[in-house]
Amino acid sequence: MYEPMNNRQFLIAALGLGILLRFALMPFFAHVDLFSEARRVFYVLENDYLFDNGHRFVVFYIEVIFAWFSTLFINVTDGLFHLNDPTQSVSNLVDYGFFLNDPNIYRHLFFFKLPYLVFDIATALLIWKFIDKPEHRKIALLIWLFNPLTLFSTYIFGRFEVISLFFLMASALQLKYDRVFFASALFAVALLCREINLLYAPFLLIALIDFKDHWFRNVITLSCSAAIVAAIYLLPNWLINLTGGDTQLFIDPSATQPHNSLNALLSLGYYWFYPIVISLAVLAIYQWEIGARAKAERFVLSASVVLFIYFGFNVHSVHYAAWLVLFPIISMQYGKKVVLPFMALFGVWLVLWLLKTDSGVFTLFLAAPLTTDFIGMGYFPNFFRQHIATDTFTLHQAIQLMRSIFLVVMGFFAYRILKNEPDFHTKS
107 MYEPMNNRQF
117 LIAALGLGIL
127 LRFALMPFFA
137 HVDLFSEARR
147 VFYVLENDYL
157 FDNGHRFVVF
167 YIEVIFAWFS
177 TLFINVTDGL
187 FHLNDPTQSV
197 SNLVDYGFFL
207 NDPNIYRHLF
217 FFKLPYLVFD
227 IATALLIWKF
237 IDKPEHRKIA
247 LLIWLFNPLT
257 LFSTYIFGRF
267 EVISLFFLMA
277 SALQLKYDRV
287 FFASALFAVA
297 LLCREINLLY
307 APFLLIALID
317 FKDHWFRNVI
327 TLSCSAAIVA
337 AIYLLPNWLI
347 NLTGGDTQLF
357 IDPSATQPHN
367 SLNALLSLGY
377 YWFYPIVISL
387 AVLAIYQWEI
397 GARAKAERFV
407 LSASVVLFIY
417 FGFNVHSVHY
427 AAWLVLFPII
437 SMQYGKKVVL
447 PFMALFGVWL
457 VLWLLKTDSG
467 VFTLFLAAPL
477 TTDFIGMGYF
487 PNFFRQHIAT
497 DTFTLHQAIQ
507 LMRSIFLVVM
517 GFFAYRILKN
527 EPDFHTKS
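Here our numbering is used: the first residue of the sequence shown is 107, the next is one more, and so on.
Derived by calculation from the structure, the hints in this document are not laboratory data.
If you're wondering where the values come from, they're calculated on a predicted model, not measured in any experiment.
Note that beta-carbon positions come from the ideal geometry of N, C-alpha and C, so glycine has one too.
Don't take each hint at face value.
To be verified - Have a look at the derived ranges for each label pair, beta carbon to beta carbon:
1) G203 x I511: 35 to 43 angstroms
2) R323 x I511: 41 to 49 angstroms
3) A495 x P254: 24 to 32 angstroms
4) G185 x N112: 49 to 57 angstroms
5) I180 x L446: 39 to 47 angstroms
6) D497 x L121: 49 to 57 angstroms
7) N420 x A398: 26 to 34 angstroms
8) I396 x H161: 35 to 43 angstroms
Unchecked claim - Calculated lysine-lysine pairs in the DSS-like style (CA-CA distance at most 30 angstroms, straight line):
9) K525 x K244
10) K443 x K244
11) K318 x K525
12) K525 x K235
13) K443 x K235
14) K239 x K525
15) K239 x K318
16) K443 x K525
17) K239 x K443
18) K318 x K235
Kindly produce the complete structure, drawing on both the sequences and the hints.
This is the structure:
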């Protein structure tokens, strides 16, 4: 007679299958960004620099440590990763072509993605620890391990978002146990992984307020937490200056935009900016109004909705959608019903980016180690124009339609996250 798996057996089986799937993807897909990142990392190793890169400081030096380890197994002395000029570290197509035709390409790709695998599985374990109810915990783990957004972004596109997500997850876990200063420190580390995490900062600070405490104690807590975040965030520049390093090491001066991007932002140069500010302010008011709930709950719910707002108005690159996964998953701790919104997200994301793609998203670059026609239809927008589009339904119209549906899915997610679940409210 069949006996259901216990929690420990389920965890081991799910992690085992998840790791096997990742092993199958890691050696076979690439994007030019992955190669460019590897060249910067090996340049630092080759020149014995300690602290010479201020951009995404934590992610970069995690990659440096893993790259040093990988030199025990791969050869990087053949000039493939050598840079004469670090400001030209973004690969051109000629250099990238040599990389893709290297006989050790599969080994290179596997080891370049190894730090992502470690932090990916570590994040899965933290999710398992964060969620208390066994049925919710199992569903959350499966969504994290087998969702196409994380798999694509990390192991096919080859980006490092999962390292940043690990530190955000660790921060939320510390907040769950009311360790506010540890949560602040880990959040500061997440800021040094990805700049977009700054969007969460106001909601973390509001979540630290304990509405049962005296106002003076809250002021002390907020001040100390803000000081911890600021000190850790400024640490890289201090280290770089102390060691005589260069924060502009990999920045091409000729590629610097002459205009002031902040001025463009504030003057409505980016049309989506003000709607986002208004929506985030409304969200901050909502978070204040649910102040009786636990700190972690307030932060997780708000952090989930932050990116629904951001991506509702603004779409960047295909792999950025990986940021949408973590906080909605752990909102299941508070009884939020997110499985159906996730299914909708995965479907609309795939269709949107098949339509909105270029040769570097679902076709040529990603599959180059195996074939230049991975999906069997060449450049998909061309396929759409030739076989699906009509005079009244063009590719542009199809993209706008899917973009609108994507916005609807963001609203659906936000509704499920913000919907009142009285049985799951927890006190701080």
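K239 and K525 were given as a pair; does the straight-line alpha-carbon distance stay at or below 30 angstroms?
Since the Cα atoms of K239 and K525 sit roughly 19 angstroms apart, the hinted pair holds (cutoff 30 angstroms).
Tell me if the straight-line CA distance from K239 to K318 falls inside 30 angstroms.
Roughly 27 angstroms separates the two Cα atoms, so the pair holds.
Quickly compare the C-alpha distance for K525 and K235 to 30 angstroms and report which way the hint goes.
holds, 24 angstroms
Pair hint K443 and K525, alpha-carbon separation not exceeding 30 angstroms
holds, 9 angstroms
Pairwise beta carbon distance, N420 to A398, judged against the given window 26 to 34 angstroms:
Between N420 and A398, where Cβ atoms are some 33 angstroms apart, the hint holds.
Please test the hint of 24 to 32 angstroms on the beta carbon pair from A495 and P254.
About 25 angstroms separates the Cβ atoms of A495 and P254, which means 24 to 32 angstroms holds.
Please work out if K318 and K235 have their alpha carbons no farther apart than 30 angstroms.
Roughly 27 angstroms between the alpha carbons, so the hint for K318 and K235 holds.
Hinted pair K443 and K235, Cα distance within 30 angstroms
holds, 19 angstroms
How does the Cβ-Cβ distance of D497 and L121 compare with 49 to 57 angstroms: does it lie in that range?
With a Cβ separation near 52 angstroms, D497 and L121 satisfy 49 to 57 angstroms, so the hint holds.
Holds or violated: 41 to 49 angstroms for the Cβ distance of R323 and I511?
holds, 47 angstroms
At the C-beta level, are G185 and N112 separated by a distance inside 49 to 57 angstroms?
holds, 53 angstroms
Does the Cβ distance between I396 and H161 fall inside 35 to 43 angstroms?
holds, 36 angstroms
In summary, this structure violates none of the numbered hints.
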